[in-house]
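J.: Start from chain U and add chain R according to the hints.
Below, each chain spelled out in residue letters.
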Amino acid sequence: MNRTYEVMFIVRPDVEEAEIDKLVEGFSANVKQSGGEVKSVEKMGRRRLAYAVKKFNDGFYMLLNVAAEGGVIAELERRLRVSEQVIKFITVRMDEEEKRLEKVKALRATKVKRSATPAPVAAVEEAPAAEAAEVEAPAEATA
Amino acid sequence: MAEETGSTGAAEQSGGSTASSGGGSSASSSGGSSSGGYRPRPAGGPGGSRGPRPGGGPGGPGGGPGGPGGRKFFRRKKVCKFCTEKIDAISYRDVRLLQGFVAERGKIVPRRLTGVCTTHQRKLGQAIKQSRNIALLPFAARF
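First to last, the sequence lines map onto chains U and R.
Using our numbering, you'd call the opening residue of the first sequence number 1 and step up by one each time.
Using our numbering, you'd call the opening residue of the second sequence number 1001 and step up by one each time.
Chain R on its own, in the form it takes in the complex:
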């Protein structure tokens, strides 16, 4: 897959560099053979394989979809508290519930640490922001 894009990319790139734009669009073989001797490797090919992998190290051996927060070892899979206890409505009024998902300084805890599922995390965020607005939770605590 990379080779195909690489070759067409090379043809386009070389077409641009030698200012023969017509050669790149039509009859790619003729345009390629004229200046394709050295095959300039554009950054698209190997750069693509280099790019999205830096997070692959610590994330790999963890293997858990919800689990490790950057650790190398297996964390037990955390389940969403709302899904298991079947809590439907997350209201801004129940501060006790919301406080469990807020850090000491008042920040909202990311879902990879709490194990909440996406839909509930979004509702939770909304509820926390509403309760902050009505002064039930602080915006920034413990100065």
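Okay, chain U solo, but in the shape it has when bound:
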């Protein structure tokens, strides 16, 4: 049961890029060891902070997409808290959100199929009828 998380953290601006890379490597290694998976690492660059954090006015934003269990994330958060270069972090759980988005996309795909046939007005309104269209769609796919 792997959950997906998005971890965004801010690194102090007076830290070299190489050091940031080393830091991220350390985190990824730790996650991998505990059985998680780092899906992506994104450097969002240096940005001005909306308010002063630990007396810094700008910071280097990093985004990590991690698929792991809760315990792994707790450990990662602990490391982020302890690390001196990281001044702020936030973890957001993304698997429920992703599931919901997929459902919405699937629903939209079936609606679009229905609106390809005549009577486009009906397709816009009928959300419950989209489920009936779902029954049709697999039949069409198999045929």
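Since the hints were made in silico from the structure, they are not lab data.
All C-beta atoms, glycine included, are put in the ideal place defined by N, C-alpha and C.
A portion of the hints provided could be inaccurate.
[To be verified] Ranges of calculated distance between the beta carbons of each label pair, as one might list FRET restraints:
| hint | chain 1 | residue 1 | chain 2 | residue 2 | range |
| --- | --- | --- | --- | --- | --- |
| 1 | R | G1125 | U | L63 | 21 to 27 Å |
| 2 | U | A18 | R | E1104 | 28 to 34 Å |
| 3 | U | V112 | R | Q1099 | 30 to 36 Å |
| 4 | R | R1112 | U | A67 | 37 to 43 Å |
| 5 | R | C1117 | U | E37 | 32 to 38 Å |
| 6 | U | K113 | R | C1117 | 36 to 42 Å |
| 7 | U | K39 | R | T1118 | 31 to 37 Å |
| 8 | U | G71 | R | R1105 | 36 to 42 Å |
T.: Using the frame of chain U, we list chain R on its own:
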């Protein structure tokens, strides 16, 4: 409807005042007739009709469910931006989008002014609070 509750309320009230609690619960007619000559009108009856109406003046002639922010005249119905543009995911990361819903001092704008629907307003609030935590948006701006 008010009269029924008024009469039973009067019976109970008069029962309490004359300290004959038994008279109020059983055989309400006998309890009512003994002390019901003057019919003390409890605050429940007309107070109920007086109570929830003070907002009725400015809200009435507006007539729009999403529209007037306390004005007397008709405002064109504002539609939810997310519903029309079919934006599903409101992430804390897209600051440009969120800034459109935040006032100059950093406060979240109420939905009667922006026209956002309830579900999206809630998600928007969550996203704004998350982005405030990660210093992408300020908590309080322009001191």
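J.: Run through the hints listed earlier and report the numbers of any the structure violates, in increasing order.
T.: 2 and 6
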